[in-house]
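K.L.:
Starting from the given sequences, assemble the full structure and let the hints guide the process.
By our numbering, the letter at position 53 of the sequence shown is numbered 62, and the numbering carries on one by one without gaps.
If you are wondering where the hints come from, they were derived from the structure by calculation, not from laboratory data.
These numbers come from a predicted model, not from an experiment.
Don't take every hint at face value.
[Claimed, not checked] Pair ranges (Cβ atoms, derived):
1. Glu59 - Asp342: 37 to 47 angstroms
2. Ala207 - Glu175: 14 to 24 angstroms
3. Glu175 - Ala123: 14 to 24 angstroms
4. His43 - Leu217: 51 to 61 angstroms
5. Glu303 - Asp342: 20 to 30 angstroms
6. His265 - Asp305: 54 to 64 angstroms
Glycine included, C-beta positions come from ideal geometry on N, C-alpha and C.
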Amino acid sequence: MTDRIRHEIERHADELWRISQFLHGNPELAFQEHAACAELVAVLSTAQFEVVQGIADLPTAFRARWGTGASPRVALLLEYDALPGLGHACGHNLIATAGLGAALAVRHALPDLAGTLEVIGTPAEEGGGGKILELEAGVFDGIDATLMFHPGVHDWRYAPLTAQIEVAVRFYGRAAHPTGNPTEGIDALGALVQLFTALAMLRSRLPLGSHVQGIVTQGGTATNIVPELAEGRFGVRGLTTAARDDLVAQLTECAHGIAHATGTTVEVEAVSTGYQHVRDNAALSGTFARHLAESDITLTEPEPGVFLGSSDIGDVSNTLPAIHPFLAIADADRSDHTPEFAAAAASARGRAVMLAAARALAGTAVDVLTRPELLDQAWQDFRAAD
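P.N.:
Pasting the structure below:
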C-alpha cells in the first residue's frame, strides 16, 4: 500500500507543484479564492470525485467525495487563502496541494473503498473562520476524522495553537470644552487609558498561554474637546478556550469597574470570529508521524512554553478527531507571515515538504479507512481529552 501511495504522489508531483506555484503566484484573500477553488476542483473532478461547490453558502468552499458515502468517513482539509500584502506567507498553497495529492493517492490505493474519503475546501482561515462556518452548516456532520498539515519552522507533531477572539471596548462620556466648562465633560479617552493600565497590571498574573494586547481605534476628534467616545480593540488569547473566555470576562469586569469609577458607560463586544484552541489526537498524529518518518522527517513534541497563533482548525479539533502537524519549510529562526516565509512556500524545500506531507496524509487516511481499531482509538483519545 505504501508503495502504491508513493508511486501515485510521484506520478502527480509536477502537477501538484504547478498548482502550488499557481496559487502562490495568484494569491487571493479570504472568501475571494475563486481561481484557487476552480483549480483544485478541476483536478478532483477529472479524478472522478463527486464535487459539490458552494457548500455552507460559501462560493469558494467545496466538498469532493470518493467512495460509498458510508462510514468510516475521513476528510482531508485544504486551505488556500492568502494574507493581505504578503501573499502566501502562511504556506496555504502547500496545504492545498499536499491535501490534493493525498486525495489522488488514496483514490488510487483504494479503488473499491467501502468507506468514504472527503476533500473539504476550507476558505478564509486567515480571520474569516471558514471551517467554523462549515461546522455550523453541518459540513462536518458524520465525519469520523479530519487530516491536514501546516508549513512552519519546526517539525512538530501538533500545533500549540491558542484560543483567540478580538474584542472592542467602547467608553461613552460627555463632550465639553476642557477649559471653558471642564466640569461638564466626562472623558471617555481617560477611561480607556485606565483600562490599558488595569490590563497591564492583570498581565503579570495571567496563566501560561493567556495574553491580551490592545490598540486605540478611536480617541477623540480634537484636542480642545473632551472625548465623548473612545474605543479600543483587544486581541485575547488563552491556552484553552475556557482560559480565553475567562480572560474576556476579566477584561469585561475591568471595563465596567472603570466605567463606574469615571462616570462613563461602556460596551464590550466581540468583533471577530473566535477560534478555539487546538486539541491534538495522539492516535492520528502518531500514525501521521510514522508515515512521515519514511520521508526522513522526524516529528517532535512542541517546545514547552511556546505558543503560536490561532486557527479555525481548533474548532474542528474540539468537535471530532483531527490533526494539524507542523512541518518546517524554513529554519527555526524564521517566522511565518513574513516575506521570507512566502519565498520558502515557493522553494525547493517547500516542494519536498509538500510531497512528504501528501504521502503521510494519504497513508494516515488509508489506515483510518481500513483499520477500525485505529479509528476507535482516535475517538477514545478525543473523549479522554475532555
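K.L.:
A separate judgement is required for each hint: does it hold in the structure or not?
P.N.:
For each hint, the structure was consulted:
Roughly 45 angstroms separates the CB atoms of Glu59 and Asp342, a value that falls within the hinted 37 to 47 angstroms. The hinted range of 14 to 24 angstroms is satisfied by Ala207 and Glu175, whose Cβ atoms lie roughly 19 angstroms apart. At roughly 44 angstroms, the beta carbons of Glu175 and Ala123 sit outside the given window of 14 to 24 angstroms. His43 and Leu217 have their C-beta atoms about 42 angstroms apart, which leaves the hinted 51 to 61 angstroms range violated.
The beta-carbon spacing between Glu303 and Asp342, approximately 28 angstroms, falls within the hinted interval of 20 to 30 angstroms. Between His265 and Asp305, the C-beta spacing of about 56 angstroms keeps the proposed range 54 to 64 angstroms intact.
In terms of the numbered hints stated before, the structure departs from hints 3, 4, listed from lowest to highest.
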